[in-house]
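With chain A held as given, fit chain B onto it using these hints.
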Amino acid sequence: MSDATQTDPVPIDQPVSYGSIFLAFSKIGLCGFGGVAAWAHRVLVDERGWYTDKQYADLLSIGSVLPGPNVCNISIMVGEQFHGALGSATALTGLLAGPLLILLGLAMLYELYGNLPLVQAVIGGVTAAAAGLVIGTAIKLARRLRPSFGNLLVGLLAFGGAAILHLHILLIVALMVPLSLALAIRERRP
Amino acid sequence: MKSGLLAQLAVTFATMSLGAIGGANAVLPEMHRQVVSVHGWLDDKTFANLFAIAQAAPGPNVIFVSLIGWHLAGAAGLAVATIAICLPSSLLTFGVSRIRRRLVGARWMKLLQVALMPIPLALMAASGLIMAQASDHTVLASLLTAGTALFVAFTQRNPLWALSVGGLLGGLDFLLISG
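As they're listed, the protein sequences go chains A and B.
Residue numbering for the first sequence is 0 to 189, as defined by numbering that gives the first Met the number 0.
Residue numbering for the second sequence is 0 to 178, as defined by numbering that gives the first Met the number 0.
If we strip away everything but chain A, and leave its shape as in the complex, we get:
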């Protein structure tokens, strides 16, 4: 079992300001082309030294069982540890502000030039690749996982519910989480 303060930040001499929280998460957001989580580790652990590897891993494990993007959840938890609710808001805003500005630039270009045939062809190519990106990410994650029978069953049911039956996401989650937990507990017993 753990000691009580594992996910608390490393004690540092200077208090961490709102500004440095904002800047740290801005950097994570803006550098995170196609993989924000790796940058979150780099900035929070290696550059700022706010957390040790172990503390960061614990934060990430909590962030990944909660709904919402893992990195958004991490930003909320880190902000909360330093400055409570305002700290969370600062960290999340820092994470999203930069990417949203870039996104707006792209969206405006799309709205101006999106109807030109050449631009449509380019976007069509990017779109097809983006579909592959999602599929490839799922394959990559599945390869790392050694699925048990319960994992496979839950995965297939969730896939069918979303892709074939088009059920509401909350219904899928509400049905699958208890089922998956029950199977995991059963499989754990010898």
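Calculated from the structure, these hints are not laboratory results.
Note that CB positions come from ideal geometry on N, CA and C, so glycine has one too.
Please note that the accuracy of each hint is not assured.
[Unchecked claim] Some chain B residues judged to face chain A by a derived CB distance under 8 Å, without partners named:
hint	residue
1	Ser65
2	Ser126
3	Phe173
Chain B only, in chain A's frame:
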């Protein structure tokens, strides 16, 4: 009516927020269902295009929701959609963060982590299928999807390379062959 649309955007995205286990890609099938099928706000092609644009920008995937809001209702739509998808899950995370000392290392946390894993994965696979159905109407598009999937699954390189190659080949195909 614009305020009606904003309210619908808020309700639509706020209700799926708590289902986004593993991130925004897990709710992509639900977004597609709501935005394209239920409300008819976007057609298949625009939905897929906006998704691609969001992938080309840095940052968490959740900004795709911001882009849908922007496309439908400008700056107000962007703000409403972003806050709606973030707020419920963020409040939950904030609450959990306050009691995190009791959670870390708890045996059931590990169990929960193992049990939850297949769900976002399956939802992501469903997302990929839906995106491919929405975007792949040519042989080239199908090849690009398959190629990118292999590239992402079996290399550690930045996926932005694959998106760039996709755009380049799409453009070249238009200029040299089909255009």
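Agreement of hint Ser65(B) with chain A interface, Cβ distance less than 8 Å: holds, 6 Å
Does the CB of Phe173(B) sit less than 8 Å away from some CB of chain A? With Cβ-Cβ at 3 Å, under 8 Å, it holds.
Quick check on the hint: Ser126(B) CB to chain A CB, less than 8 Å? holds, 5 Å
Checked against the numbered hints given earlier, this structure breaks none of them.
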